[in-house]
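Undergrad: The primary structure of each chain is shown beneath.
Number of protein chains: 2
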Amino acid sequence: MRLCSISIDGTPTWGVVAHDGTIVDARPIAGAPATLHDHIESPDPGVLGRLVDAAARGGGVDQADVVWLPPVRRPSKILGVAINNIIGQRIAHRPFANPAFFFKPSSALVGHGRPVVVRESYGVTHPEPELAVVIGRHTKEVSEADALAHVFGYTIINDVTSPGLKAEDSIELIAPPGSGGGAYGRLLSWRSNRDDDHARSNYLTYHARSKGTDTFGPIGPWIVTADEIPDPNVLGVNSFDGDTPVFVDSTANLLFPVQRVVSHASAYMTLLPGDIIHCGTSMKAADGSPYRGITDWDMRRVDGRPMRISIEGIGTLSNSVQWERDR
Amino acid sequence: MRLCSISIDGTPTWGVVAHDGTIVDARPIAGAPATLHDHIESPDPGVLGRLVDAAARGGGVDQADVVWLPPVRRPSKILGVAINNIIGQRIAHRPFANPAFFFKPSSALVGHGRPVVVRESYGVTHPEPELAVVIGRHTKEVSEADALAHVFGYTIINDVTSPGLKAEDSIELIAPPGSGGGAYGRLLSWRSNRDDDHARSNYLTYHARSKGTDTFGPIGPWIVTADEIPDPNVLGVNSFDGDTPVFVDSTANLLFPVQRVVSHASAYMTLLPGDIIHCGTSMKAADGSPYRGITDWDMRRVDGRPMRISIEGIGTLSNSVQWERDR
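These protein sequence lines are chains A and B, in that order. Each residue of the first sequence is one higher than the one before, starting from 10 at the first, in this note's numbering. Each residue of the second sequence is one higher than the one before, starting from 10 at the first, in this note's numbering.
Think of the hints as simulated: they come from the structure by calculation, not from any bench. Among the hints, a few may not be true.
Residues from chain A shown here face chain B by an in silico Cβ test under 8 Å; the list is partial [said to hold, decoys possible]:
{"#": "1", "residue": "Arg82"}
{"#": "2", "residue": "Lys86"}
{"#": "3", "residue": "Leu88"}
{"#": "4", "residue": "Ala91"}
{"#": "5", "residue": "Ile92"}
{"#": "6", "residue": "Ala109"}
{"#": "7", "residue": "Pro114"}
{"#": "8", "residue": "Ser115"}
{"#": "9", "residue": "Glu181"}
{"#": "10", "residue": "Thr214"}
{"#": "11", "residue": "Tyr215"}
{"#": "12", "residue": "Ala217"}
{"#": "13", "residue": "Asn262"}
{"#": "14", "residue": "Tyr277"}
{"#": "15", "residue": "Thr279"}
{"#": "16", "residue": "Leu281"}
Just so you know, these numbers come straight off a predicted model, no measurement behind them. C-beta atoms are modelled at their ideal positions from N, C-alpha and C, and glycine is treated no differently.
In isolation and in its complexed conformation, chain A is listed as follows (with noise of 0.2 Å):
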């Protein structure tokens, strides 16, 4: 079943994608809660099997009568993985052991269509095509056998990330003088993950402005429900600059699969049904080359051409970038 959060008429409502493309509105539909969220907090059996006598009956609203918005339009949480693709993690000095997490916050999200703002002083933007994983459970320390259990379902989503938001916050400290041994060293002392000439500096990179900018998480267009979809680590991933491809790459791909994913967050972090995890970006170059990066697709270039990103089994998410100058 595919669940989407709509307004129509300028009305905020959420949905069903019926079998004839329509979506029917949740409205009116008995015991049917305000939301989409509320539905996946508590999905009641009822309105679950009215929703699927709707999506067979259709003949609802048509898809270009209606604004897509965020499917969960405030998650409690959203948690990206860093570099989770095989691709990725060959030019990591020691590869990542455990997926590494990054927040989104809700602010940053954006329905399917809706324009992406990049201003001048960004610099280099970029997309990044990823499946979302929609936590369905209160989750905490689930076993990777268990996590699937805990989806709700599984949409699409447009990781806009800005290095050049990401240069300005990035630091790098440095044992003073005469600090030798002393706390300054103890604080640089849990450095990154490579030790060889860098024992006396600590580099920290903040990823709020370069992740969470408003319009940086295009999301959508509609979730498709876990049943619909036994396994999340077999999925194509297709990525379009205008119609021309860039990135044909695979969830196979990923370093960490999904349950594995689920689990390790779920280990610290208490997840909450509506929560997100998207998994990591596309890397594998359409053309081939060994050596395109993801920041090749610069959003500064891309003059109106939307950003497309298909996943077998869910659908295409489809968005423009707005350009601004600065104020």
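Since the structure of chain A is already known, use the hints to place chain B on it.
TA: Using the frame of chain A, we list chain B on its own:
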């Protein structure tokens, strides 16, 4: 006015701290919304007046008889500022030009008096005593001059941080042989703000676990409304390991003052009522040693002594450490 979220006899509610130190439950107050977050989102002048009256009357519940909850239990986002202290910036190769942000998830928040759980495998984990701002209005691109008018109030946060977990979530990318001027060269070209001898490598640190693990966000005990704190940049911040002073610092030592922090965040991210921005750790050692680091306050060694943080004009946040073996 001091406003808090609490649990009385197992029922979550919110209230006002009265002149006699007791807490007057807001539930029986006419027109009071269900939560303090609701009140922050749409404060009703009538309710405000009745809260003031209740605080003057007193005779509420004894503080010993409540369980303290995070004042805002599920803010849409929690932004922290990295190393926003003049001492910390002294060891930077090049200091930050602007506040650099990271996120904490709402799942990390715990109230005053609740334990912080630290496991053996986390490695070094330490407190960071900080002033926290609670946003009162929908805020986008606010000027420094107007920023404080968007603040609902102030509270205290212990920004618990685990350099041990951070080390595991750090990676260095290295341009592979033959990739010279190619895309990986560009991928790496946004490097940290050091530009001398690291032209072909790139360090990345991810902070979600080290800042966002469950219980890593003690906050409270209450919010002091902004009218009582005309200038948040002159507040003493004193921290204690049990009864021993650790840091004797002040918000006057923030590299970027509060209004600069709020303004800069809002230039990129829409801030919503109830959002939290914590402004940067204390670093000035109580014993006068120039190189005492924040990592010296190692939570693995506190042996049941509470971590106490007092901020002038607000109050004292106290939390103990609950040490756990890994499972």
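Undergrad: Confirm or reject each hint.
TA: Going down the list of hints, with the structure as the test:
{"no.": "1", "hint": "Arg82", "result": "violated (10 Å)"}
{"no.": "2", "hint": "Lys86", "result": "holds (4 Å)"}
{"no.": "3", "hint": "Leu88", "result": "holds (6 Å)"}
{"no.": "4", "hint": "Ala91", "result": "holds (5 Å)"}
{"no.": "5", "hint": "Ile92", "result": "holds (7 Å)"}
{"no.": "6", "hint": "Ala109", "result": "holds (4 Å)"}
{"no.": "7", "hint": "Pro114", "result": "holds (4 Å)"}
{"no.": "8", "hint": "Ser115", "result": "holds (5 Å)"}
{"no.": "9", "hint": "Glu181", "result": "holds (4 Å)"}
{"no.": "10", "hint": "Thr214", "result": "holds (5 Å)"}
{"no.": "11", "hint": "Tyr215", "result": "holds (4 Å)"}
{"no.": "12", "hint": "Ala217", "result": "holds (4 Å)"}
{"no.": "13", "hint": "Asn262", "result": "violated (17 Å)"}
{"no.": "14", "hint": "Tyr277", "result": "holds (4 Å)"}
{"no.": "15", "hint": "Thr279", "result": "holds (5 Å)"}
{"no.": "16", "hint": "Leu281", "result": "holds (7 Å)"}
Figure legend: structure checked against the earlier numbered hints; hints not met, in rising order: 1 and 13.
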